[in-house]
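With these hints in hand, go ahead and build the complete structure from the sequences.
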Amino acid sequence: MNFLKRAMLYVTRKKGKSIVLFCILLIMATFVLSGLSIGKATKQAQQNLRQSLGGSFHVWTDYTDNNPYLHKESDEDESGGTGYIMYSTEQLSSDMVKNIRDIAGVKYCDAFDETLLDFEQLSFFKGTIPLEEELGNSTTTVSLWRSEEHNLFTNGVVKLTEGRHITEKDTGKAIICKDLADKNGLGIGDMLKTRSMDGRSMTLEIVGLFTAMETEKIGKNIEGYNKIQNRVFIDIASAILIENTPAVQGFSEVSITINDPEEMDEIIEKVKKTPGFKEDGFTIDTENETYENTASSLESMDKLVIGLLIAAILVSVVILSLILTLWGKSRVRETGVFLSLGIKKTDIIGQYLTEVLLIAIVAFGISFFTSNMVSNRIADVLLQQDIQNKIEEPNDVQQDDIVIESFESTALGGVDNIELSGAENTDYLETDIEVSVSIENLLQLYLVGFVIIIVSVMISSIAVMRLKPREILSRMS
Amino acid sequence: MTTLICENVTYQYEKGSKVLEHITTQFETGKMYAILGASGSGKTTLLSLIGGLDIPQEGKIMFNGRDISEMGLEYHRRNHVSVIFQNYNLIDYMTPIENVKLTAKQDALPILKQLGLTEDEAKRNVMKLSGGQQQRVAIARTLVSNAPVILADEPTGNLDKDTAAEITGILKNCAHQMNKCVIIVTHSNDLVKQADTVFKLKKGRLLQI
Ligand SMILES: Nc1ncnc2c1ncn2[C@@H]1O[C@H](COP(=O)(O)OP(=O)(O)OP(=O)(O)O)[C@@H](O)[C@H]1O
Ligand SMILES: [Mg+2]
Chain W
8 MNFLKRAMLY VTRKKGKSIV LFCILLIMAT FVLSGLSIGK ATKQAQQNLR QSLGGSFHVW
68 TDYTDNNPYL HKESDEDESG GTGYIMYSTE QLSSDMVKNI RDIAGVKYCD AFDETLLDFE
128 QLSFFKGTIP LEEELGNSTT TVSLWRSEEH NLFTNGVVKL TEGRHITEKD TGKAIICKDL
188 ADKNGLGIGD MLKTRSMDGR SMTLEIVGLF TAMETEKIGK NIEGYNKIQN RVFIDIASAI
248 LIENTPAVQG FSEVSITIND PEEMDEIIEK VKKTPGFKED GFTIDTENET YENTASSLES
308 MDKLVIGLLI AAILVSVVIL SLILTLWGKS RVRETGVFLS LGIKKTDIIG QYLTEVLLIA
368 IVAFGISFFT SNMVSNRIAD VLLQQDIQNK IEEPNDVQQD DIVIESFEST ALGGVDNIEL
428 SGAENTDYLE TDIEVSVSIE NLLQLYLVGF VIIIVSVMIS SIAVMRLKPR EILSRMS
Chain B
5 MTTLICENVT YQYEKGSKVL EHITTQFETG KMYAILGASG SGKTTLLSLI GGLDIPQEGK
65 IMFNGRDISE MGLEYHRRNH VSVIFQNYNL IDYMTPIENV KLTAKQDALP ILKQLGLTED
125 EAKRNVMKLS GGQQQRVAIA RTLVSNAPVI LADEPTGNLD KDTAAEITGI LKNCAHQMNK
185 CVIIVTHSND LVKQADTVFK LKKGRLLQI
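Line by line, the protein sequences are chains W and B. This note's numbering numbers the first residue of the first sequence as 8 and each following residue consecutively. This note's numbering numbers the first residue of the second sequence as 5 and each following residue consecutively.
Simulated from the structure, these hints should not be mistaken for lab results. It is possible that part of the hints are untrue.
Said to hold, decoys possible - Here are the simulated BS3-like pairs of lysine-lysine, each with C-alpha atoms no more than 25 Å apart in a straight line:
1. W:K21 <-> B:K132
2. B:K105 <-> W:K352
3. W:K351 <-> B:K109
4. B:K109 <-> W:K12
5. W:K22 <-> B:K105
6. B:K105 <-> W:K351
7. W:K285 <-> W:K176
8. W:K21 <-> B:K105
9. B:K127 <-> W:K12
10. B:K132 <-> W:K22
11. W:K336 <-> B:K132
12. B:K132 <-> W:K12
13. W:K224 <-> W:K166
14. W:K12 <-> B:K105
15. B:K19 <-> W:K475
16. W:K24 <-> B:K132
17. W:K475 <-> B:K64
18. W:K22 <-> B:K127
19. B:K105 <-> W:K24
Nothing here was measured: the structure is a model prediction, and the numbers come from that model.
Now the structure itself:
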């Protein structure tokens, strides 16, 4: 009779012990498997989070004295007062933006400048704040690299409903609001005449129409030129032409949205190495706070889970070893009989090991179902304890910081009146951790569990290993 | 013909006085031996040495002319000797058949029947058998091992007179009919009467009576 047969007989005939062992192994396996699956779910959640949050950073002209390309010129405006134009000779060209856009992991490049342009033929929607006569036909004009990647489009504030987007290859093209077009009897293919503040004019072709998905709140004070329905998007080449100043030779800012916030530093390094990019002319600011807050809480949960897993494994080894040692003591006689019959020690320990493994195979299998029930509850408890109190309201940065470069800066004060952030910040909390026990986890459990069992059986077999043949007869009698 | 020889065997436990001193004797196949002696006189110790469970400090034990410590104690245990204990030492989660088949491949039922067990008894859990029946199972297990030497440490110690007599009869058969060398440690006078040769162990010496 080989040890497998003996183990089978033991397990099936000693039902009480088998059931006790089964329960212990089931509980042990449930904890280990829950730990494994929660661990996996946390990893998955981290990845989902990264993907859903994305990340962004901003490259903009450095307006401090650190920038060797900075020029300050005094400028006389028509009312006779003097102001400054401050500009950097190093600006981001369309090609440079393209280079950045082509870096792997970059999702959008939002490169744009804003200025006020005069469209005298257009009749604009009125704002709530009365304007000086001369500004009556002006509107905020966004000159951009690719309208498709502009934040108003990517955030869904506006949506292109007719025609096409503006790309970096365009010259003399515009996108206006459908409402504005209707009001003025215009459509795709029609021409718009525009004039810069100092009188240069230019004709633009309407290539697309957008619909505003969100508008300013009723009762909000707003200048006409800031209303979203009055917004005009044009290509950067046209802006450079019409502005005709060294201050506007490209973009002074680009916002880069990336897929995975973890790659942020890596991508920034690549940006610095793109051809023509002068590092000392620009500042790079990252906006990663939301990700870091959440990620760190998930990370600490990760640690918690690993700790739990290790604890579960250690406790399992201890309990299993104790029980098996206890039972082993009552099996010294049996061991003696086997030894006196010439059965080898390894064969005997093999039997004891097989007994536990046989029960474990069943218990581990069933733990697949129990841990599916348990792990979600554990995960919920862990999450509640952890994430809730860790996430602070991320600061709203990035609003009025940019608009120094052009003379209209005062007029353009609060460029973007549509609030987007805020609501978004709570969304990822609903990225609840969904724990489900996979076959992969089950295989890991079998691996971990078998190691636990082997270690425990070895520990509990020390008494058997030590049993000297000489003691057999005297102990037996 | 001669099977086991003890040559000048001396044994003592660590930090103990000598249990066995210069014992020289021989055991032959086809005979039943009885070893008597007071409690603590070293009977079990002598049986352990013959059974290859330990090595004497002095002297040697030969099986068919070869020193057992040279051929390997485990080999000796597995192939030459088989032990019967006072408390039967059966595996409690097995039937008699399974107990007998622990080391044997051959069919166990015929030998169990031969020793007086019914088929029903042979298939019951061993713990549900009487002491005498359990000892028969132990003997059956010894017999199927084909070992030429059977060592028994007080095999009838826990049995009533009649049953003890039956077991003694069986062991005697083993020696006389199956040509085994049967060495029995005992306190039983009845058993002693059946033995071919009787030894007494006293103060470390083995005396033939
Ligand atoms: N493991 C041991 N370590 C030390 N001394 C031992 C050990 N086993 C037995 N002894 C001692 O050796 C002596 C002989 O013991 P042994 O068991 O051979 O006696 P025995 O004749 O079989 O006695 P009993 O009839 O009571 O079974 C005793 O004095 C005993 O105390
Ligand atoms: Mg004894």
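If you test the structure against every hint from before, which numbers come out violated? Going through the list in order, the structure violates no hint and respects every one.
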